[in-house]
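> Sequence:
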Amino acid sequence: MAKSYAQYCPLAHALDLVGERWSLLVVKELVHGPLRYSDLQERLGCPTNILAARLKSFEQEGLVARRRLPPPAASAVYELTEYGAALRPVLHQLAHWGARSLGPPPGDVEGCQGWLANALELTLPEHDLGGCVEFRIDSERAWVTADGVHDTPPSEPDAVVSLSPANRRRDQGPSDRRSARARRVVESSAVTAVA
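The sequence shown begins at 1 in our numbering and counts up one residue at a time.
Since the hints were made in silico from the structure, they are not lab data.
A hint or two may mislead.
[Unchecked claim] The calculated SDA-like cross-link candidates involving lysine to any residue, where the alpha carbons are at most 20 Å apart (straight line), are:
1. K3 to G62
2. K56 to L44
3. K56 to P71
4. K28 to G130
5. K28 to E156
6. K28 to Q41
7. K56 to G19
8. K3 to D16
9. K28 to P47
10. K28 to R100
11. K56 to Q93
12. K56 to A86
13. K56 to R67
14. K3 to V18
15. K3 to L25
16. K3 to G19
17. K3 to L55
18. K28 to D158
19. K3 to I50
20. K56 to V77
21. K28 to Q7
22. K56 to R100
23. K28 to A53
24. K28 to V18
25. K3 to A53
26. K28 to G148
27. K28 to L55
28. K28 to Y5
29. K56 to P72
30. K56 to L24
31. K28 to A6
32. K28 to G131
33. K28 to A73
34. K28 to E42
35. K28 to G62
All figures in this text were calculated on a predicted structure; none of them were measured in a lab.
Please model the entire structure based on the sequences and the hints provided.
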């Protein structure tokens with residue numbers, strides 16, 4: 001924790017912990033499970049000195065734990081502690097709030113890796129969809145099970161919901177977002193009413 005608001009206030013304390021640039025984005029990446037340092041750096045595009053400082057601070061404050069994987073992986077991963085995972089509803093509320101004024105993406109801005117898993121986590125109701133459902137948009141993939149949203153396949157999907165790149169581009173065009181509808185293709189015999 002480099003800087004402090006120096007106020008005895010729960011909100012000021014929370015901002016002392018996760019209010020610096022890149023902090024909540026690091027937490028967002030770890031919400032779906034442990035990641036190696038290199039995976040975090042690749043997903044975020046965050047300068048390495050800042051990422052290292054955030055992870056060190058998060059470890060000291062008990063938000064993140066560093067764990068060594070057994071062979072053959074034999075690498076270290078970072079994962080949210082129970083205390084850090086308690087930020088999930090905060091992230092959801094911030095994302096909902098930010099989406100209200102986000103607008104369509106500018107042509108020169110890349111989407112963030114894992115955006116589909118994050119979007120599904122925000123929009124799907126919290127109930128069992130009847131198995132494992134894979135969602136595909138362009139090269140992005142996310143899987144939804146009764147346990148939640150995953151950015152790696154937890155099992156073979158029972159259903160696949162896909163959106164073609166052509167439809168995605170078409171749907172980004174209308175100024176009235178409510179009129180934009182994505183055509184979903186459901187390939188399944190096990191799940192009948194996913195889309």
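> Does each hint hold? Answer for all of them.
Against the structure, the hints come out as follows:
Restraint check: the Cα-Cα separation between K3 and G62 comes to about 17 Å, which is no more than 20 Å; the hinted pair holds. With a C-alpha separation of about 17 Å, the suggested pair K56 and L44 falls inside the 20 Å cut-off, and the hint holds. Taken as a hint, the K56 and P71 pair is broken in the structure, with Cα atoms around 24 Å apart against an allowance of 20 Å. Between K28 and G130 the CA atoms are separated by roughly 26 Å; this puts the pair beyond 20 Å, and the hint is violated.
Distance check on the hinted pair: K28 and E156 sit about 25 Å apart at the alpha-carbon level, beyond 20 Å; violated. Using a Cα cut-off of 20 Å, the hinted pair K28 and Q41 holds, with the two alpha carbons roughly 13 Å apart. This hinted pair checks out: K56 and G19 have alpha carbons roughly 15 Å apart, not beyond 20 Å. With a C-alpha separation of about 7 Å, the suggested pairing of K3 with D16 holds against the 20 Å cut-off.
A C-alpha spacing of about 17 Å is found between K28 and P47, which places the hinted pair at or below 20 Å, so the restraint holds. Pair hint K28 plus R100 holds up; C-alpha atoms about 19 Å apart against a cutoff of 20 Å. Distance check on the hinted pair: K56 and Q93 sit about 26 Å apart at the alpha-carbon level, beyond 20 Å; violated. This hinted pair checks out: K56 and A86 have alpha carbons roughly 19 Å apart, not beyond 20 Å.
Restraint check: the Cα-Cα separation between K56 and R67 comes to about 13 Å, which is no more than 20 Å; the hinted pair holds. Pair hint K3 plus V18 holds up; C-alpha atoms about 11 Å apart against a cutoff of 20 Å. Taken as a hint, the K3 and L25 pair is honoured in the structure, with Cα atoms around 19 Å apart against an allowance of 20 Å. A threshold of 20 Å between alpha carbons decides the hint, and for K3 with G19 the separation of about 10 Å falls inside it, so the pair holds.
Restraint check for K3 and L55: the C-alpha separation of about 15 Å stays at or below 20 Å, so the hint holds. Proposed proximity of K28 and D158 is contradicted: the alpha carbons are some 27 Å apart, above 20 Å. For the suggested pair K3 and I50, the alpha carbons sit about 14 Å apart, so the restraint of at most 20 Å is met. Between K56 and V77, the direct Cα distance comes to roughly 13 Å. Compliance with the 20 Å bound is thereby established for this hinted pair.
Restraint check: the Cα-Cα separation between K28 and Q7 comes to about 26 Å, which exceeds 20 Å; the hinted pair is violated. Taken as a hint, the K56 and R100 pair is broken in the structure, with Cα atoms around 33 Å apart against an allowance of 20 Å. The suggested pairing of K28 with A53 holds, with an alpha-carbon distance near 17 Å, which does not exceed 20 Å. At roughly 11 Å between alpha-carbon atoms, K28 and V18 fall within 20 Å of each other, so this suggested pair holds.
The hinted pair formed by K3 and A53 meets the criterion: a straight-line CA distance of about 12 Å does not exceed 20 Å. For the suggested pair K28 and G148, the alpha carbons sit about 15 Å apart, so the restraint of at most 20 Å is met. Annotation: proposed proximity of K28 to L55 holds, straight-line Cα distance about 13 Å (limit 20 Å). Only pairs whose Cα atoms come within 20 Å are accepted, and K28 paired with Y5 is rejected, the gap being roughly 23 Å.
Restraint check: the Cα-Cα separation between K56 and P72 comes to about 26 Å, which exceeds 20 Å; the hinted pair is violated. Of the pairs offered as hints, the one joining K56 and L24 holds, with about 14 Å between alpha carbons and a cut-off of 20 Å not exceeded. Between K28 and A6 the CA atoms are separated by roughly 26 Å; this puts the pair beyond 20 Å, and the hint is violated. At roughly 25 Å between alpha-carbon atoms, K28 and G131 are farther apart than 20 Å, so this suggested pair is violated.
Simply put, K28 and A73 have alpha-carbon atoms about 24 Å apart, too far for the 20 Å limit, and the pair is violated. Proposed proximity of K28 and E42 is supported: the alpha carbons are some 14 Å apart, at most 20 Å. Of the pairs offered as hints, the one joining K28 and G62 holds, with about 16 Å between alpha carbons and a cut-off of 20 Å not exceeded.
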